[in-house]
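Participant: Here's the letter readout for the chains.
Protein chains: 2
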Amino acid sequence: MSDFKPTAKTKIKRLNKRAHYDRQSTYAVLDAGLVAHVGYVFDGHPYVTSTSYWREGDRLFWHGSSASRMLKTVRGGVPVCVNVSLIDGLVLARSGFHHSVNYRAVMMFGQAEAVTDEAEKLKTLEAFTERLFPGRWAEIRPVTKQELKATMVLSMPIEEAATKIRTGPPVDDEPDYELDVWAGVLPLKVVAGEPVADPRLKAGVPLPDYLRGYDLEAYGERREAAE
Amino acid sequence: MSDFKPTAKTKIKRLNKRAHYDRQSTYAVLDAGLVAHVGYVFDGHPYVTSTSYWREGDRLFWHGSSASRMLKTVRGGVPVCVNVSLIDGLVLARSGFHHSVNYRAVMMFGQAEAVTDEAEKLKTLEAFTERLFPGRWAEIRPVTKQELKATMVLSMPIEEAATKIRTGPPVDDEPDYELDVWAGVLPLKVVAGEPVADPRLKAGVPLPDYLRGYDLEAYGERREAAE
Numbered sequence: 001m002s003d004f005k006p007t008a009k010t011k012i013k014r015l016n017k018r019a020h021y022d023r024q025s026t027y028a029v030l031d032a033g034l035v036a037h038v039g040y041v042f043d044g045h046p047y048v049t050s051t052s053y054w055r056e057g058d059r060l061f062w063h064g065s066s067a068s069r070m071l072k073t074v075r076g077g078v079p080v081c082v083n084v085s086l087i088d089g090l091v092l093a094r095s096g097f098h099h100s101v102n103y104r105a106v107m108m109f110g111q112a113e114a115v116t117d118e119a120e121k122l123k124t125l126e127a128f129t130e131r132l133f134p135g136r137w138a139e140i141r142p143v144t145k146q147e148l149k150a151t152m153v154l155s156m157p158i159e160e161a162a163t164k165i166r167t168g169p170p171v172d173d174e175p176d177y178e179l180d181v182w183a184g185v186l187p188l189k190v191v192a193g194e195p196v197a198d199p200r201l202k203a204g205v206p207l208p209d210y211l212r213g214y215d216l217e218a219y220g221e222r223r224e225a226a227e
Numbered sequence: 001m002s003d004f005k006p007t008a009k010t011k012i013k014r015l016n017k018r019a020h021y022d023r024q025s026t027y028a029v030l031d032a033g034l035v036a037h038v039g040y041v042f043d044g045h046p047y048v049t050s051t052s053y054w055r056e057g058d059r060l061f062w063h064g065s066s067a068s069r070m071l072k073t074v075r076g077g078v079p080v081c082v083n084v085s086l087i088d089g090l091v092l093a094r095s096g097f098h099h100s101v102n103y104r105a106v107m108m109f110g111q112a113e114a115v116t117d118e119a120e121k122l123k124t125l126e127a128f129t130e131r132l133f134p135g136r137w138a139e140i141r142p143v144t145k146q147e148l149k150a151t152m153v154l155s156m157p158i159e160e161a162a163t164k165i166r167t168g169p170p171v172d173d174e175p176d177y178e179l180d181v182w183a184g185v186l187p188l189k190v191v192a193g194e195p196v197a198d199p200r201l202k203a204g205v206p207l208p209d210y211l212r213g214y215d216l217e218a219y220g221e222r223r224e225a226a227e
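Protein sequences, first through last, are from chains E and L. Number 227 in the numbering used here belongs to position 227 of the first sequence; there are no gaps in the numbering. Number 210 in the numbering used here belongs to position 210 of the second sequence; there are no gaps in the numbering.
One chain only, chain E, in its complex shape (with noise of 0.2 Å):
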């Protein structure tokens, strides 16, 4: 996979220890997360609106209503900046200024377009479920012309890129290593709980094998296991 090529926009400057650039770190980020953060301008005005997203190949999607302001905005091709950013822990140093998150995070910058083709939109939509819940497609009602109508689905070519990770210990200046003070990670996670039935639920409709012990992260290997 060929790497990014960092722009004026990307090139991270500061801690760049921390930057990566290549396609494998960043869809990595991008396959383990679930909600994205897309930054537009409308009317001068910056406005971030936080939505769901997937990636299919080197192409990032999200959708919504087709009345979404967001998504009328952006599917006019005006620049979008997309930030996905999991949290992975806290990092707790000897001094205040040492104190640190544990992150991987992927900024990106394009230009979005809405998918228009119906069986694009639709086979798309599938694979947004089937990455969540695989085989849940087979099982729901079929998507009527309306709906897919009103479900405005963009895609974004993932090609100005740049990922930003911290792992590890916090690092502290040397003398206070001496110090009676903790000091360390408190990871933290996304986990999901036990799944809660719609209390209008049919009556002996079982949980389905894919909500048993769900792991959000498992995204990334659920893909792979289904290409």
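Be aware that one or more of the hints could be misleading.
Unchecked claim - Covered by chain E, according to a simulated footprint, are these stretches of chain L (three or more residues, beta-carbon under 8 Å):
{"hint": "1", "region": "90-99"}
{"hint": "2", "region": "112-119"}
{"hint": "3", "region": "151-161"}
Claimed, not checked - Distance windows between CB atoms, simulated:
{"hint": "4", "chain 1": "L", "residue 1": "Lys11", "chain 2": "E", "residue 2": "Val196", "range": "30 to 36 Å"}
{"hint": "5", "chain 1": "E", "residue 1": "Glu217", "chain 2": "L", "residue 2": "Glu120", "range": "25 to 31 Å"}
{"hint": "6", "chain 1": "E", "residue 1": "Ala203", "chain 2": "L", "residue 2": "Asp209", "range": "24 to 30 Å"}
{"hint": "7", "chain 1": "E", "residue 1": "Asp43", "chain 2": "L", "residue 2": "Lys149", "range": "36 to 42 Å"}
{"hint": "8", "chain 1": "L", "residue 1": "Arg200", "chain 2": "E", "residue 2": "Glu56", "range": "41 to 47 Å"}
{"hint": "9", "chain 1": "E", "residue 1": "Asp43", "chain 2": "L", "residue 2": "Ala127", "range": "30 to 36 Å"}
{"hint": "10", "chain 1": "E", "residue 1": "Lys202", "chain 2": "L", "residue 2": "Ala8", "range": "43 to 49 Å"}
{"hint": "11", "chain 1": "E", "residue 1": "Pro134", "chain 2": "L", "residue 2": "Gly44", "range": "37 to 43 Å"}
{"hint": "12", "chain 1": "L", "residue 1": "Lys123", "chain 2": "E", "residue 2": "Tyr177", "range": "26 to 32 Å"}
By construction, these hints were calculated from the structure, which means they are not laboratory data. Where is the CB? At the ideal position from N, CA and C, for every residue including glycine.
Got chain E sorted already, so can you dock chain L onto it with the hints?
Facilitator: For chain L alone, coordinates are given in the frame of chain E:
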């Protein structure tokens, strides 16, 4: 507490049953979160940067290196959009169309300014640390003058804000409730794991109480207890 007045930027037009404009709802979300996404315009392009943040009264704070592009741009009083989104669950409906996400999200607009007074800066950094780890500020090595200079703290009044919250089971089309499809909510939550001590931790330093059974969302309660 006074409510927010919806503006052209914050008026939620679709699904407005999810909209909240009271400070209590907004602050409850802000106090339960850790990471904000700050959007701003630089050279005509939108940028979105993730950052930790904290709230004091009716102001939002975030900080970083004085050399950060985001902070240097934003302290100049340019318009910013700050988004805090907490994901509470995946909502599985009987049709793809009605699948959804349970979330709590705040979108804020305003202009940020740098906290320049040294004493004030120090005080708010203490508040940030104590919000996360009550008692830690007194344990760690005090901030030096140089460190304080190298740290930029930004603050923004919380005046133009909208909060959007979705909770509860899926809402399906009436005929679909008869289908043999599992429906409900898969709850998601950010949880802390077991603290990992720095390999260079001085022998005999115990794990602080504030890291035992750590509950990330208990910020708000800790804040209330401290006030």
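Participant: Against the earlier hints, flag every one the structure doesn't satisfy and list their numbers going up.
Facilitator: Per hint list: 2, 3, 5 and 6 violated.
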